[in-house]
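J.: Listed below, chain by chain, are the residues.
2 protein chains.
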Amino acid sequence: MAKIVINKSHLFHNLQQIEKKINDKNKIAVVLKDNAYGHGLVEIAQLCHEYGIKNAVVRTFKEAESVVTFFDNILILADTPPHTYSHTFHIAVNSLEALQHIPKNSKIQLKVDSGMHRNGLSPNELEEAFLGASKKNITITGIFTHYRSADELGSAYFWQKENFKHIKAEVKRLCEKLFLPIPLFHSANSSAVFRDNFYAEDMVRVGIALYGYLDTDPIFNNPHLKPVLSLYANKISTRTVSKNQRIGYGGTATIPKQMQISTYDIGYGDGFLRLNERKKYHTPDGFEVLGRVSMDNLSLNTTQEEVCLFNDVTQLAHIHDTITYEILTSLKPTIKRIII
Amino acid sequence: MAKIVINKSHLFHNLQQIEKKINDKNKIAVVLKDNAYGHGLVEIAQLCHEYGIKNAVVRTFKEAESVVTFFDNILILADTPPHTYSHTFHIAVNSLEALQHIPKNSKIQLKVDSGMHRNGLSPNELEEAFLGASKKNITITGIFTHYRSADELGSAYFWQKENFKHIKAEVKRLCEKLFLPIPLFHSANSSAVFRDNFYAEDMVRVGIALYGYLDTDPIFNNPHLKPVLSLYANKISTRTVSKNQRIGYGGTATIPKQMQISTYDIGYGDGFLRLNERKKYHTPDGFEVLGRVSMDNLSLNTTQEEVCLFNDVTQLAHIHDTITYEILTSLKPTIKRIII
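These protein sequence lines are chains A and B, in that order.
Take the first sequence: its letters are residues 1 to 340, numbered as in this note's numbering.
Take the second sequence: its letters are residues 1001 to 1340, numbered as in this note's numbering.
Calculated directly from the structure, the hints in this document are not laboratory data.
Computed from a predicted structure; not experimentally measured.
The beta-carbon is built from N, C-alpha and C at its ideal position, and this holds for glycine as well.
Fair warning: there could be bad hints in the mix.
Claimed, not checked - No farther apart than 30 Å at their CA atoms in a straight line, the calculated lysine-lysine pairs in the DSSO-like style are these:
(1) B:Lys1008 <-> A:Lys235
(2) B:Lys1332 <-> A:Lys279
(3) B:Lys1107 <-> A:Lys3
(4) B:Lys1332 <-> A:Lys54
(5) A:Lys257 <-> B:Lys1165
(6) B:Lys1332 <-> A:Lys280
What the hints assert, rightly or not - Now the in silico label distances, taken between C-beta atoms and shown as ranges:
(7) B:Met1001 <-> A:His87: 46 to 52 Å
(8) B:Pro1256 <-> A:Asp215: 25 to 31 Å
(9) B:Met1001 <-> A:Leu96: 17 to 23 Å
(10) A:Ile319 <-> B:Pro1256: 29 to 35 Å
(11) B:Lys1177 <-> A:Thr254: 33 to 39 Å
(12) B:Phe1012 <-> A:Asn26: 41 to 47 Å
(13) A:Pro256 <-> B:Thr1069: 37 to 43 Å
(14) A:His318 <-> B:Phe1012: 42 to 48 Å
(15) B:Glu1127 <-> A:Met1: 29 to 35 Å
(16) A:Ser134 <-> B:His1049: 50 to 56 Å
(17) A:Pro256 <-> B:Glu1127: 28 to 34 Å
(18) A:Gly132 <-> B:Asp1312: 39 to 45 Å
Claimed, not checked - Only part of the chain B face toward chain A is listed, based on derived beta-carbon distances under 7 Å:
(19) Lys1021
(20) Asn1094
(21) Ile1236
(22) Ser1237
(23) Gly1248
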């Protein structure tokens, strides 16, 4: 049976790198949304808890509920009003309209748009948001933003940071005026954490770096991170194929000489994105994926019972014209997870 | 909240087309593996049962167990020995070695390699398989194969069919010799069903055609099928953006004039494969996906509360250099399914 192996020491190594940079373990919030980027929500939550992490970021209330025992604070990015309530939950609010649907007495964090122009309130909507929250006895526990280009060289990162500085000043002014405590401020994602220093902010949100990747411009002084997830497939059957035989759908792979090949129990139905005759890939042990990956199977030039399909998805991300995040997040929750 | 809409009348229309071609409803086996190609295993199983389908094909025992009440026969393609037993289950066997792990008194179907050279016994291993099964009182209920190129013009389909004819003859010879009943024979997948006629075989396995697609060479006289699945996203927030503002990760989308844009709650984390600046897509209503799709979000030039992202994945398959199957199967089971 195929399996995903989660390397605990790699995860802890990455957390150490983040902690070293931030200088305060309590400021780290681990991003566990989308099944912990495909790694397994509960598995990663449990390990982060063991390391001593107190804060997490998830997408849905369902995710939050399943890891509620592991953290002191969980920021929930999706706006849907909650069915349950927990003191641990902080609901992200992206618009004045969304604020209207938040139940009384909840804890929220306002997302403010500093230049990515997707989610978040406009800075000029802050006063209305604070007044609206006050009326419903909603506590604003945090103000945050997201960088669109922290991983790329260019000015965007700097003016977004500058915008967030103004947002923070405005929030402080409002809190003084309304006699409210100052909320937490946070803006840094993985790339920003390692590009800059955020000692002055109250939290950093680390997703991809936690999992061992940083798709950042190589000009930045990147830390050495270790990929946490490896994918293993098991053999279904082996056969001897003759020279010039063609295998798989469309017969796109022609065998150069008589050899033994085997079929393995991973396909794009498992979230291992489909390779075809235009997308060539070799496993870490040098085995070639022969022909097209099908829904449940792929063929390799080996007879090994178990094969590591990847222990680093950088190359696959490149082959699929995408980012490491997608290769990882695509993996289906149905694949067995094992922690080593 | 995002949702997947399953169109029952489209599914029934496709089943009618298949039935019309096969002339016998009882010969149809619906392929429900991989969460019914992303459509929702139980939802599709229930609807097929309602239509009167008696046979299904799944990948795992877990899938088989969750739809066992809907069918008389379920062929399970994965080889892993079962934890449970049901008279409804038929286990696919791909190799002599796999046969050794099959529990006594089981019902199996032998997959035979007729030219795809991936899974299945070699034709010359049939006698050994029949003798081995006999010894453990295993009943061979079926003999099947799979076409590598039924969807493409070319000779491969014909010589594979010829090979399967020889395999059938050999199986009949063995059954006479061993005083065994003749098993069911089946070879046709969706493309083969509509390309040819299989009145002489006992079953056809329809997957992609059931869901409304046929990635077949247009030279074949293809039926009119109707896509069953549509994907809808819900608005998170709307904003007014000025001319030349850039939005999303990397700021890759530049807005040509002042307009209102909105963010929606679908991303590649939901299995909607990532679009970037090299992969342009418009929704069926003509809205443009602006910039990069992120894990949980995408942006469109509309303010509609709910948007249909697709009701036919042909174009997306083309954009992603893949097949309709992958676009559908990638959709995560966590998205809510609604039958209309």
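J.: Give a verdict on every hint.
T.: Status of the hints after comparison with the structure:
Only pairs whose Cα atoms come within 30 Å are accepted, and B:Lys1008 paired with A:Lys235 is rejected, the gap being roughly 38 Å. At roughly 24 Å between alpha-carbon atoms, B:Lys1332 and A:Lys279 fall within 30 Å of each other, so this suggested pair holds. A threshold of 30 Å between alpha carbons decides the hint, and for B:Lys1107 with A:Lys3 the separation of about 27 Å falls inside it, so the pair holds. Taking the CA atoms of B:Lys1332 and A:Lys54, the gap is near 29 Å; set against the 30 Å cutoff, the hint holds.
The suggested pairing of A:Lys257 with B:Lys1165 holds, with an alpha-carbon distance near 28 Å, which does not exceed 30 Å. Between B:Lys1332 and A:Lys280 the alpha-carbon distance is near 26 Å, which keeps this suggested pair within the 30 Å criterion. For the pair B:Met1001 and A:His87, the beta carbons lie near 25 Å from each other, so the given range of 46 to 52 Å is not met. A hinted range of 25 to 31 Å holds for the C-beta pair B:Pro1256 and A:Asp215, which are about 28 Å apart.
Range check, B:Met1001 to A:Leu96: Cβ separation about 20 Å, and the 17 to 23 Å hint holds. Look at A:Ile319 against B:Pro1256: about 33 Å separates their beta carbons, and that is inside 29 to 35 Å. Distance hint check: the CB atoms of B:Lys1177 and A:Thr254 are about 38 Å apart, consistent with the given range 33 to 39 Å. For B:Phe1012 and A:Asn26, the Cβ-Cβ distance of about 58 Å falls outside the hinted range of 41 to 47 Å, so the restraint is violated.
The beta-carbon spacing between A:Pro256 and B:Thr1069, approximately 49 Å, falls outside the hinted interval of 37 to 43 Å. The supplied range of 42 to 48 Å is met by A:His318 and B:Phe1012, whose beta-carbon atoms lie about 43 Å from each other. Between B:Glu1127 and A:Met1 the C-beta distance comes to about 30 Å, which sits within the given range of 29 to 35 Å. At roughly 55 Å, the beta-carbon separation of A:Ser134 and B:His1049 lies within the given 50 to 56 Å, and the hint holds.
As the Cβ distance of A:Pro256 to B:Glu1127 is approximately 32 Å, the hint placing it in 28 to 34 Å holds. Separated by about 42 Å at the C-beta atoms, A:Gly132 and B:Asp1312 satisfy the suggested range of 39 to 45 Å. The interface hint given for B:Lys1021 is broken, as the beta carbon of that residue sits about 22 Å from the closest beta carbon of chain A, more than 7 Å. Because the closest C-beta pair between B:Asn1094 and chain A is about 5 Å apart, less than 7 Å, the hint holds.
For B:Ile1236, the interface hint holds, the least distance from its beta-carbon to any beta-carbon of chain A being 6 Å, beneath 7 Å. With 7 Å as the threshold, the beta carbon of B:Ser1237 comes within range of chain A, its nearest partner Cβ sitting at about 4 Å, so the hint holds. Annotation: B:Gly1248 was flagged as interfacial toward chain A, and the flag holds, the nearest CB pair being 6 Å apart, inside 7 Å.
Comparing the model with each earlier hint shows violations of hints 1, 7, 12, 13 and 19; every other hint is respected.
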